[in-house]
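Generate the whole structure from the sequences, applying the supplied hints.
Quick note, the sequences are listed as chains A and B, same order. If you read the first sequence in numbering that gives the first Met the number 0, its first letter stands for residue 0, the second for the next number, and so on. If you read the second sequence in numbering that gives the first Met the number 0, its first letter stands for residue 0, the second for the next number, and so on.
Honestly, I wouldn't trust all of these hints.
[Said to hold, decoys possible] For each label pair, taking beta carbons as the anchor points, the in silico distance ranges come out as:
no., chain 1, residue 1, chain 2, residue 2, range
1, A, 53, B, 241, 46 to 52 Å
2, B, 198, A, 68, 49 to 55 Å
3, A, 3, B, 18, 41 to 47 Å
[Unchecked claim] Subject to a maximum C-alpha distance of 27 Å in a straight line, what follows is the list of computed DSSO-like cross-link-like pairs (lysine-lysine):
no., chain 1, residue 1, chain 2, residue 2
4, A, 148, A, 121
5, B, 140, B, 3
6, B, 581, A, 124
7, A, 124, A, 148
8, A, 121, B, 581
9, B, 581, A, 148
For the record, the hints were derived by calculation from the structure and aren't laboratory data. For each residue, glycine too, the CB sits at the ideal point set by N, CA and C.
Each chain is listed here by its residues.
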Amino acid sequence: MSLTLRINGAEVAVTSEPDTPLIYVLRDELGLKGAKLGCGLEQCGACMVLVDGEAVPSCVSPADTFGGKEITTVEGLADDPTGARVQAAFVSHTAAQCGYCTAGLVVAVTALLQRNPDADTKTVKDALAPNICRCGSHPRVLRAVEEAKA
Amino acid sequence: MSLKAHPLLRDWLRRDGDRLQIRTGKVDIGQRISSALVQIVRDELHLPSDRIALAPVTTADSPDEGITSGSNSVEQSGHAIRCAAATLRRALIAAAVDRSGGDPEDWTLDDGLLRRPGSNDPLDLLDLMDSIDADLAVDPKVAKLTARDTAPSAPMLGLAEMVRGTFTFVHDLDAPGMLHARVIRPPHAHARLRSIPEDEISALDDKGLRLVRDGSFLAVAGPREWPVIRAAERLARACDWDAPDFPNIDVFEKLTRDNASTRLPVDKGQPLEEPVPDPPDAPDYTARFEKPYLMHAALGPSAAMAVWDGETLDIKTHSQGIYPLRISISDSFGLSEDKVVLTHVPGSGCYGHNGADDAAFEAALVARAIPDTPILLKWTRAEEHGWEPFAPAMAVEVAATLEQGRVASWSAEAFSDTHRGRPRPGPNRVGPSRLVSNRHLADPIPAQPGTPNMNREGGMHRNLDPIYTFAERRLVKNLVTGLPHRTSALRCLGAVANVFALESSMDDLAIAAGEDPIAYRLAQLDDPRAIAVLETLRDRIADLSATAEGQGRGIAYAQYKNAMTRVGLCIDVTVTDLAEVKLDRAVMVADAGRVVDLAGLIAQLEGGVIQGASWALCEEVQWDRDGVTSLDWDSYPVLRFDNLPTMDVHVLDQPTERPLGAGEASPGPTVAAIANAVHDAMGMRLRRLPFTADAIMQAAANA
Ligand code: FES
Ligand code: FES
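Here it is, written out as structure tokens:
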């Protein structure tokens, strides 16, 4: 069976079984390895992608539930002005330690600032609560968000 | 020690095309050692960062620097590389004099060039390097610590790729013909495989998946990742396991003198093979503090790639210790060491000995069964939570006698299983026995009980010795073995429980003496740098408003291993109506000696506060008779963005002192400062981690 997904602005025909969670289609079939597998349980945010502008985990929902939606992975964010600004701010604030959570956080922050460009600190912290970082890069991430807002 | 084993310039620095290549045996485990090393070389040689590269860390080629742990990387590898760079600098200048004249003092290095006034023909540093004796020995004395202009921190290596999603973790490796693999775990560590239903085996065949079995070690492999995961899940349910009850005991009841397999006195951080002195009679203050089993719980489950070509095993791993792991893996397979090559590829931050080494061995087990095929093996979230070696549960019992409110004599006894479970080689094949899957093979290498760590400030006695000027001290370590879980090193080892115990006690004693917590500590410290840290902290919090109802402020101080980075902390919390502890603010003052990479240093100190806060408030491994039940982020919650304090970190630079690692300096004081803040807010002393809402309500009900 063939499924067509819209990923980073392009229509892509995929051959994985349609019940395959999106992340395995991205990583294993399409070679888009920016989304990381942290839990496979929608508990950690490492696998987040933008779906119609929302940051959502890609590790559980089957690929065929994303038909007709606009998927943007971390690899496609540089083409979006907010995404590019968020990436630059993460770099200038060294908002990563090991970097395993970083792609998911860049996606989550981009979604937040697209929706709410002036989010206050409490809103930012609450919005990022689905994303786990075990290395403690949080303070730098918050500083990067401040910079990306402006 | 690094320089002794690897004395030559070319062991550490080599030319690689138009770049200077740094060669280190330390691996980047999220502590940014690679960026710090680049910065050291850049500062010493005035070579732009983009002309400096790091060689891959591999047993085939890199200096053996053992395990990357204990916050020693900057001190060991950093010192060796600083000396190598300074030796190179001196040799370059001598070569420049030879080639173009002048005196050594005339020459300066700038932007990768050597120049001298009056000559407009600068020499290229890397070109000139070719003329230097390849066997030049590194002069261990040449690098002087001098006050220097603080250069902006070098950009972190790989960061640009991380934010674009193109940085390669071991999980992202790919190779032609590669198979994905997953292990099928027994229900718990003591369960064994009885049988696999025949129809399940043929179902795997039909799907083109490979089954690998050796005793109770079971794995599936196949070309596509998701079908492999599905098959592994299905097989785990279908297999017939012999699963006796997992020991469902209260570990704290076991952490007592009567259960100790070894009791040793500790003097100035050093365990001694001597009788244990009697406990003090009639102490003025006694208390017992407890820390549960904790997990590293890396965000990315462990993974490794391995390929076996019939002769050599080639393994890509995020292990912290590729050299000792190589010995244990080659021993496991009966191969000679030169037939096993391990190369470090980054995983997610690990904070100690997690599943990385086990995953490397398991990828190799599968690769041996399926030759000439790259095998990318990944653990699942449940495996990472359930099968990594945990940090041991620990208890600390303290007793003090007082004179005019100050401590006259101090007794502290630590109780814990081993913190040393790394697959290091040793007697009785102890290295292989610590690779968990060796315990499950048809010809198993069973687990061995831990032996006492006799290293100064090692294991459970790290920071057992109080840093204060107490006149008399009696310190004892009690090793308790035979406890339910496999244990090993987690960031800080025993320092977490020991600093929690000492600094909670100091808080109790200051209150009893009617003294301010900082003044009480200052009166019992004689180290000028410790005093400077606490005085600076006092100044920095002087203008904070007083805490309101339901809020609390806690102070803690510690010097990691009593020899490394000093940290003074003030943490403000609010305890909500639902008994949840909210972190409002953390103010830290730290002295890590000479500052090499300020941004990296602050990142480590802040990261330590967050991990320490997570231990203090959230983390605890739980299990029942069916095995570990903390198998995901709901059953093993961790601190998240929504409970992050504001942070103010102030570093006291000591330009003429040795740089000290800081990765493990802040978690212990963080735990203690939170305990003290909760006490300030509630008037209740909590002596067992974590301070969950349930624990606080329970304590309030019992009060
Ligand atoms: S991997 Fe998807 S939320 Fe954790
Ligand atoms: S930087 Fe390592 S998990 Fe966030």
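27 Å limit on alpha-carbon distance, applied to hinted pair residue 140(B) and residue 3(B): With a Cα-Cα distance of about 13 Å, the restraint between residue 140(B) and residue 3(B) holds, given a limit of 27 Å.
Pair hint residue 581(B) and residue 124(A), alpha-carbon separation not exceeding 27 Å: 13 Å, holds
Hint consistency between residue 581(B) and residue 148(A) [alpha-carbon to alpha-carbon, up to 27 Å]: Answer holds: residue 581(B) to residue 148(A) is near 26 Å, not above 27 Å.
Range agreement (Cβ of residue 241(B) with Cβ of residue 53(A), hint 46 to 52 Å): 47 Å, holds
Holds or violated: residue 124(A) to residue 148(A), with C-alpha atoms at most 27 Å apart: This hinted pair holds, its Cα atoms lying about 14 Å apart.
Satisfaction of hint between residue 121(A) and residue 148(A), Cα-Cα up to 27 Å: 14 Å, holds
Distance restraint between residue 121(A) and residue 581(B), which requires alpha-carbon spacing of 27 Å or less: 13 Å, holds
CB-CB spacing for residue 68(A) and residue 198(B) relative to the 49 to 55 Å hint: 39 Å, violated
Range agreement (Cβ of residue 18(B) with Cβ of residue 3(A), hint 41 to 47 Å): 44 Å, holds
Of the numbered hints stated above, the single one contradicted by the structure is hint 2.
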